[in-house]
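J.: Sequence:
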Amino acid sequence: SSTESDVIFDNVFTSSFNKYRIIGFMIPTGDNRSLRMRARTGGASGSTNSDSIYNGIYRGRAVNDSGNGVTIDEQFYQADSWNFAENTNLDFDSSYLGFDFTIYDPNTEIAGRMYISGFTVFHSNTDASQVIAYCGGRLDSDIDATGILFTYNADSIAEHSITVYGASDA
Numbered sequence: 001s002s003t004e005s006d007v008i009f010d011n012v013f014t015s016s017f018n019k020y021r022i023i024g025f026m027i028p029t030g031d032n033r034s035l036r037m038r039a040r041t042g043g044a045s046g047s048t049n050s051d052s053i054y055n056g057i058y059r060g061r062a063v064n065d066s067g068n069g070v071t072i073d074e075q076f077y078q079a080d081s082w083n084f085a086e087n088t089n090l091d092f093d094s095s096y097l098g099f100d101f102t103i104y105d106p107n108t109e110i111a112g113r114m115y116i117s118g119f120t121v122f123h124s125n126t127d128a129s130q131v132i133a134y135c136g137g138r139l140d141s142d143i144d145a146t147g148i149l150f151t152y153n154a155d156s157i158a159e160h161s162i163t164v165y166g167a168s169d170a
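For what it's worth, my numbering labels the leading residue of the sequence shown as 1, then goes sequentially.
Honestly, I wouldn't trust all of these hints.
To be verified - With beta-carbon atoms standing in for the labels, derived distance ranges:
(1) D155 x I57: 17 to 27 Å
(2) T102 x S50: 20 to 30 Å
(3) S94 x S168: 36 to 46 Å
Source of the hints: derived by calculation from the structure; they are not laboratory data. C-beta: ideal position from N, C-alpha, C; glycine also.
When you get a sec, could you build the whole thing from the sequences and use the hints?
T.: Structure follows, in structure tokens:
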């Protein structure tokens with residue numbers, strides 16, 4: 001997991017599964033970085049969809065460096081990516097972004113839109129807050145996603161460990 005501008009999973013969303021779990025963590029190369037996720041299409045040589053089709057929200061609770069509880073709300077409509085963590089902090093390997101997402105029907109085989117839900121945990125650059133947020137969103141278009149891209153709004157990903165699992169129906 002060396003320094004990368006993007007972490008890309010191509011050809012992972014197939015007709016074999018209609019639910020996926022993505023678990024991982026990323027360390028930014030700078031402060032004030034925000035998570036960006038985008039769907040990809042086209043299989044093994046896919047392309048990133050950065051159209052204004054991403055809707056979502058996250059709500060977080062945090063404790064700041066004064067010991068006070070803080071609520072964080074972020075929402076976006078027809079954005080060019082999903083953003084489920086704002087203003088993450090860099091402190092080498094002691095501050096990073098952790099996440100656990102479920103992707104629903106990315107190939108839109110059952111429903112007409114791809115959905116996502118999950119949570120993030122990160123150290124915020126504001127007031128040294130430790131944040132845990134639950135989040136969710138959907139695409140405004142039926143794009144039949146075959147992969148996903150993870151990146152930050154600026155700089156690069158210093159290190160990462162991300163795993164994608166497909167979930168079978170019973």
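J.: Could you run down the list of hints and mark each one as holding or not?
T.: Against the structure, the hints:
no.: 1; hint: D155 x I57: 17 to 27 Å; verdict: holds (25 Å)
no.: 2; hint: T102 x S50: 20 to 30 Å; verdict: holds (23 Å)
no.: 3; hint: S94 x S168: 36 to 46 Å; verdict: holds (37 Å)
Comparing the model with each earlier hint shows no violations; every hint is respected.
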